[in-house]
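**Q** Line by line, the protein sequences give chains A and B.
Under my numbering, the first sequence has 257 at position 257, and the numbering climbs by one with no breaks.
Under my numbering, the second sequence has 241 at position 241, and the numbering climbs by one with no breaks.
Honestly, the hints are just simulated from the structure, not real lab data.
For glycine and all other residues, C-beta sits at the position ideal for the given N, C-alpha and C.
Among the clues, some could well be false.
[Claimed, not checked] Which residues of chain A face chain B? A partial, calculated answer using Cβ under 8 Å:
#: 1; residue: P66
#: 2; residue: Y245
#: 3; residue: H251
#: 4; residue: F252
#: 5; residue: P253
#: 6; residue: R316
#: 7; residue: I320
#: 8; residue: G324
#: 9; residue: L392
#: 10; residue: D394
#: 11; residue: V396
There are 2 protein chains.
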Amino acid sequence: MLGIREGIGQRSETVRRSNLSAIVRALHDGGPLSRSELVALTGLTRSAIRGLVGELVGAGLVIEEPAERLGTPGRPSPRVCLVPRSAVVLALEISVDSLAAAAVGMGGEVLDVARVDRARGHSSVDQILFELRQLIDAVAGPGVGRGPIASAGVAVEGIVRREDGFVWMAPNLGWRNVPLGRLIAELLATDAPVSIANDADVGALAERQRGAAVGADNVLFVYGEVGVGGGVIVDGRPLTGVAGYGGEVGHFPINLAGRPCGCGAIGCWETEVGEDALLVRAGRSAGGGRAELREVLAAAEAGSARELAACAEVGRWLGIGLAGFVNLLNPEIVVLGGLYAPAFPFLIGTLLAELDGRTLPAPRALVRVAPATLGVSASLLGAAELAFGPLLDDPVAWAGLREGQVNYATA
Amino acid sequence: MLGIREGIGQRSETVRRSNLSAIVRALHDGGPLSRSELVALTGLTRSAIRGLVGELVGAGLVIEEPAERLGTPGRPSPRVCLVPRSAVVLALEISVDSLAAAAVGMGGEVLDVARVDRARGHSSVDQILFELRQLIDAVAGPGVGRGPIASAGVAVEGIVRREDGFVWMAPNLGWRNVPLGRLIAELLATDAPVSIANDADVGALAERQRGAAVGADNVLFVYGEVGVGGGVIVDGRPLTGVAGYGGEVGHFPINLAGRPCGCGAIGCWETEVGEDALLVRAGRSAGGGRAELREVLAAAEAGSARELAACAEVGRWLGIGLAGFVNLLNPEIVVLGGLYAPAFPFLIGTLLAELDGRTLPAPRALVRVAPATLGVSASLLGAAELAFGPLLDDPVAWAGLREGQVNYATA
């Protein structure tokens, strides 16, 4: 049951809004559902569902498809499907070695996506905004949806204040105190909502919604790029901390005899398990970027000893840190994203050896380690979900379904 | 507002139960309140509050005291106070070096408490239960409350499955697979609810309810004994993880070149910041126990260089680990309990130096570090709150306030 109220003692418009929101959210999260399934999921009556679905059909947000007969008696219940292009959001990802943009329709359907590798170097904010503009034009030109972009979400490899998208620090980008929320809104010249979050935080949400962690309520997502980020889900809710900075696994002091980190400290976890640590161990130069990373992974795939040993050493340090995090968080799944997804087969052996040796038996017995199934797109898709948030909360407002009347909104 | 419903469309008995529960909980958490304050806090009408308070007075759970005149016009609102002895719970604490028991009345009033130091050594479960029995007889004999013990809560330095109080592992007690929940119920020969939890987890709750972290929603509590436990509160709710094992900060691998830990791994945080690490650094023997710990703290207090240096070194390692945990959790307060409360002045300098150098600036700016104000009693008081849980959830059931009639329950 989704906690939908039938409306006793409530203002009917509030109830209608929350019922429409729950239906749209269920379809967005779970894909097409029959009216009977919506009845079961929401606790609303069959006739209430019929009316609400009718409104959504009238507004062009959903269509009803004839159901397949499954040999059960009675009239088959038609399947209610979202129309992906009825609302399109813009998702952006700002990583140190790459930038990406996607136009994503309702239900999480990726309508278009563009990604470019970037040369390393502390890029100015202006330069990155300029490059993002090219990507945005490529994916979100006129005609992508039936109207303008409904909202935008941005995943960035940095420490973000959620409230206004202010980036305090992005050590590997060389950014400090960047008002990214405002800059992106200016770039898009939009009044639509713009939400900014840490790349690993939203990657965790995406993996839980459509990836490796579907159905899990206690999740640790570790996202390996040049920096190493984490997203933690506790009892089904993101661990944000007091101001949204939670999840920064990459800066746990793990090797006190180790190397300096971009954050200013010594021996942070990311100095042992980040992209540069892998490149250096494989005999390449730190700062080699995505092209060299792909070469290392290809060589490991081909059985080259040096690259396999480099991956194994990263796996060993991953296992040491994960043991500590599993002891702290008692998660049911650890999802490894970013570079760890393609490298997974080459690092999981040493990782599990350390995890087994250092985790308390009770939490160890309950946790599994899996590669991100959304791969390098986890954060980009997470940014899209960030953008869908305000739409799903109030489909009435964005779709023009005003007080009790159907408004056939068009572009 | 406490989210109390006035009852439209609800079964009236359910509503009455939840309203009585909310009033009793507000008084238990916050101390005496006037009827006007209860009206403001609950959103119930003045006449509803009058009726519900009347029921609680009739059952002997609360009394109403005449209000002081504060120079405001009108009739003063009497203050509603819980009667501490109207329900008494038993709180037990099982630490490696000490055992404690307390009889605690409504409102958290400690009616009687007994604590004994124990000689170190992996004590059998039977021996500890035998010693607990003496303590229980000392604090919870006939006459402590107006009836038998209403429920019991146990804080134990181990890894506990919350559901049934099964202790998977208590490395420093030498326990594995102990069905403590069942054993305590047998010891007490009671059908009353018995709840078991990790000592640091309940210590965190106690410090948030009545100690250093009142009002904070994102809290890290670190509890130093022979083992080092942690309790984490995220968005106002305890971080339990998938099975209640969450919060085990003591087994984060922090010094890979370090010492073996009781859990079997090498270099866990507690090998650097636990009681034995302090004793050894101060030139005493590991296993010296509480008596030696008190000597070390007394010597530090008197200005002895060796003991001050030992405390400073523990502070340094505390700061290193806390930097990682603050980066991960973005808490507003870190509360240091157990031995860290009396040692606080001697370790805070080196602790803050490491914390400042290793924490990302954004979460660092938002966190403060404070000693536990409940001191060594945090876990014992947390065990009491664990025991109060079922009573506060349904005062109707335990106080004999049956369906719509007042039952003057007596001992």
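**Q** All hints, please: hold or fail.
**A** Do the hints match the structure? See the list:
no.: 1; hint: P66; verdict: violated (37 Å)
no.: 2; hint: Y245; verdict: holds (4 Å)
no.: 3; hint: H251; verdict: holds (5 Å)
no.: 4; hint: F252; verdict: holds (4 Å)
no.: 5; hint: P253; verdict: holds (5 Å)
no.: 6; hint: R316; verdict: violated (10 Å)
no.: 7; hint: I320; verdict: holds (5 Å)
no.: 8; hint: G324; verdict: holds (4 Å)
no.: 9; hint: L392; verdict: violated (21 Å)
no.: 10; hint: D394; verdict: violated (22 Å)
no.: 11; hint: V396; verdict: violated (24 Å)
The structure is inconsistent with the numbered hints 1, 6, 9, 10 and 11, although it conforms to all the rest.
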